[in-house]
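Participant: Chain residues, written in single-letter form:
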Amino acid sequence: MRINCPICGDRDRREFYYLGASDYLNRPAEGDLDAIHTYLHIRENPAGVTKDLWHHEAGCSSWLVVERNTSTHEIHSVTLASEVTK
Amino acid sequence: MIDLIAKSAADGLLPVTIGSMTLTELPLREMHSIAPFKGAKVSAALKKATGVGLPDVGRGTAKGGVEILWTARGQYFLIGATPPKLSAAITDQSDAWCAVVLSGESAPQVMARVCPLDLGRMGEGDVARSLVGHMTAIIVKRADGFEILVFRAFAKTLVHELREVMVSVTAQAALPD
Ligand SMILES: [Zn+2]
Chain A
10 MRINCPICGD RDRREFYYLG ASDYLNRPAE GDLDAIHTYL HIRENPAGVT
60 KDLWHHEAGC SSWLVVERNT STHEIHSVTL ASEVTK
Chain B
966 MIDLIAKSAA DGLLPVTIGS MTLTELPLRE MHSIAPFKGA KVSAALKKAT
1016 GVGLPDVGRG TAKGGVEILW TARGQYFLIG ATPPKLSAAI TDQSDAWCAV
1066 VLSGESAPQV MARVCPLDLG RMGEGDVARS LVGHMTAIIV KRADGFEILV
1116 FRAFAKTLVH ELREVMVSVT AQAALPD
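If you read the protein sequences in the order shown, they are chains A and B. The first sequence begins at 10 in our numbering and counts up by one. The second sequence begins at 966 in our numbering and counts up by one.
Derived from the structure by calculation, the hints contain no laboratory data. Some clues are possibly wrong.
[To be verified] Partner residues are not named here, just some residues of chain B that face chain A (Cβ under 7 Å, in silico): (1) Ala1037; (2) Val1079; (3) Pro1081; (4) Arg1094; (5) His1099; (6) Thr1101.
[As the list claims (entries may be wrong)] Some chain B residues well away from chain A (every beta-carbon gap over 10 Å; in silico): (7) Asp976; (8) Leu991; (9) Ser998; (10) Gly1069; (11) Arg1078; (12) Leu1082; (13) Gly1090; (14) Ser1133.
Backbone N, C-alpha and C define an ideal beta-carbon position, used for all residues, glycine too.
Working from the sequences, and respecting the hints, build out all of it.
Facilitator: Pasting the structure below:
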């Protein structure tokens, strides 16, 4: 498996650390307990396209949003997390 | 004041020559990490003070004995000079790294076994942050081989890993077809 880092280019999976669903980018407002519960614990588990956060740990240190297909293992897009949260 | 003797990271371990390859340690150099603050332009000030400006992503710039390597997103290493005051986070990392050069005909085969980079795509002066075995490393393609920098504490492990592979690659090359 290879991930095309927007900064470094096409790199081996060994250089990356997987965090989890890109939902982590959408932190709810403080005090809204239901929203925080959902944010922390409720996840889709799709057979298909999903968006995850990966860290180019042994590379440029960027956080990336990787859109991939869990059925076909295709990677559709890789975006800098900083561009997504803007 | 007591005059302490500087000991390099791979002191007593290098150089080694195995088959067509040599692994040598580079002498201790002054090293600073420079992470420009958001939106700050520091290249011109650096160039004025050290003779070298910031390189592009994945590259290094050098002049005389001074060099700047791109080492991560928004981070550079200035080697061989003291940085001026800049709008950047600067940390002195002299003595915190071990730098070695692997040279010789079979050096690419050795690197291919320990490093996941597409080394064939790297040209002279290209810089990448990647892995050597399980160690994070900075890898610079030089005219005569690969310069590898790892944290100083990994010096012994780095030499051990590279030695093993140098022996193995050399032994394999000597086998009859
Ligand atoms: Zn990267």
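Participant: Report the numbers of all earlier hints that the structure fails to satisfy, in ascending order.
Facilitator: When the structure is compared with the hints, numbers 2, 5, 12 turn out to be violated.
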